[in-house]
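Order-wise, the sequence lines are chains A and B. In terms of my numbering, the first sequence has 124 at position 124, counting the first letter as 1, and numbering is strictly consecutive. Just add 1000 to wherever you are in the second sequence, counting from 1, and you've got my numbering.
Treat the hints as calculated values from the structure; they're not laboratory data. Glycine included, C-beta positions come from ideal geometry on N, C-alpha and C.
Some chain A residues near chain B, calculated using beta-carbon distances under 7 Å: (1) PHE77; (2) ASP94; (3) VAL98; (4) ARG123.
Protein chains: 2
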Amino acid sequence: MTGKVIALSGGVGGAKLALGLSKILAPDELTIIANTGDDFEHLGLHISPDIDTLIYTLASLANPAQGWGLKDESWHFMEALKAADGETWFQLGDKDLVTHVLRTKAMREGKTLTEITYDLCLRYGVSHKILPMSDDPVRTRVITAEGPLDFQHYFVRERCAPKTTGFEFTGIKEAELNPAIEQALTDTDLSAIIICPSNPFVSVDPILMTGNMRALIKASGAPVIAISPIVGGQALKGPAAKMMQELGLPTNVSGIADHYEGLIDGLIIDETDRASLQALQARPFKVLVTNTIMNSLEDRIALAAATLSFAKSVQSSV
Amino acid sequence: MTGKVIALSGGVGGAKLALGLSKILAPDELTIIANTGDDFEHLGLHISPDIDTLIYTLASLANPAQGWGLKDESWHFMEALKAADGETWFQLGDKDLVTHVLRTKAMREGKTLTEITYDLCLRYGVSHKILPMSDDPVRTRVITAEGPLDFQHYFVRERCAPKTTGFEFTGIKEAELNPAIEQALTDTDLSAIIICPSNPFVSVDPILMTGNMRALIKASGAPVIAISPIVGGQALKGPAAKMMQELGLPTNVSGIADHYEGLIDGLIIDETDRASLQALQARPFKVLVTNTIMNSLEDRIALAAATLSFAKSVQSSV
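Construct the complete structure from the given sequences, taking the supplied hints into account.
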């Protein structure tokens, strides 16, 4: 790969591809932009779930089974919190707490989330750049039949049970795009912008809606490649498919194509969805069919390599 | 016992006697006043060591071996903090963290330390009243040959090694005495004020120096009984004896008598120091010799009972 790459990512699925990219690209060749719409304050601690998942994944510290948190985690804090009649709907591991405590302390001291994320990356030995989409607070709320819910309340406390009717992103209009992102998007060496297989509504959209992000992506001239988070009509992780269904959207790769049309130059879909290829070829972007299910590290690296190569081919044909 | 009792306490030694008192006195008969000069902010968390020791001790959750923290504690947070290059000189157990997280959250929300302490007591099942000496911040600093040190830096990080030349209590002049303490001290049912066997300089003095505490004690007319924290020339716990020596004070019960003379109506010394009884009888207060070493719960209750009974005898002879 020649040139620099930007990846937009939410949590688990996005982080898997980000890890694959980090195994191919040098630290100065990859910038990962993290959604912060999932951030929230819990027990007085500032928690950034997507940033944490990215850091833990890139540091090879992530729990492979549950898809969030740290491996070899323990739960004595939670046991004591329960005994003390505390709020226990959000699980905070004993080791994971370190991240939240250090971040919260630094925020109280006036550090930006960008500075704090950089510091955490150093502490956990992550050398690739992870940038929060903004240093200003944006809070995703899922509008449901039962009223609007803060994202973590919807996602964790209510286990995505309420029916989704829409989304709102508190603070998004006032939020300034992270200046380091603008810098990365205007870098003349930029060769690809990758939209990881994350939830389009609550992971990728908040990033795209921050400041002049969309305009900067367009202006960059770099090929924009999305990897469908929907495989065989299902989301591999999380509520993306359920949300699409509840919003009356096609719960398949066509729905993803609809969502990103006008923004992307290429869409990667899974072998499972090869039957959709023909219909997608009418769309104003190229389509690559490959294995997008990332069970192993090799899968992550293979998809990352396929994505970079696809971006190159899309670029040369533009 | 008829009437109400106030106990002034620091950490470990004081908490042992407070526990004994709590086994004899009903919740509405005992008010424990806790030193908050040891409080500090660490990793962004508000920590109140003496209050925590009192709560944990009264809840029978204290670690009996180390004299601070919780029993059955685990240290995964600390291990992860160390791995993340965090500050590890102050030990925070996984379960103990619950207390600091809940307190810090409540302080950020504008709750007073009194309200927070009451809430924590409820959570841990402590029904006797523990009152911080003030809701305003007071910070003890130990003046040493190497310069002034924040108390926990002196006590924990430097393990009391620097030579003490004096003390300062930042904020003490501005700190308002907890109004609930004034209420307890003006209660017409008040029958005894007990100065627990805590460090006179850094545990008891900050309480006595807060607002009009001394004047209210005097005005209450209740007998004031101190239990010597020095036994056989040694402090059972902590740096009291070392401090007395470094300050050029007699490192024995006479030094304690000097310190409290003018304030107390009775001093309780250990059997070990029976030889000092005769000299002490010239002092303007009564002296009781009994076992003050509290190894078992029975010891704590016995000393509490002896203290209450001594207070009664001192009262009737006043």
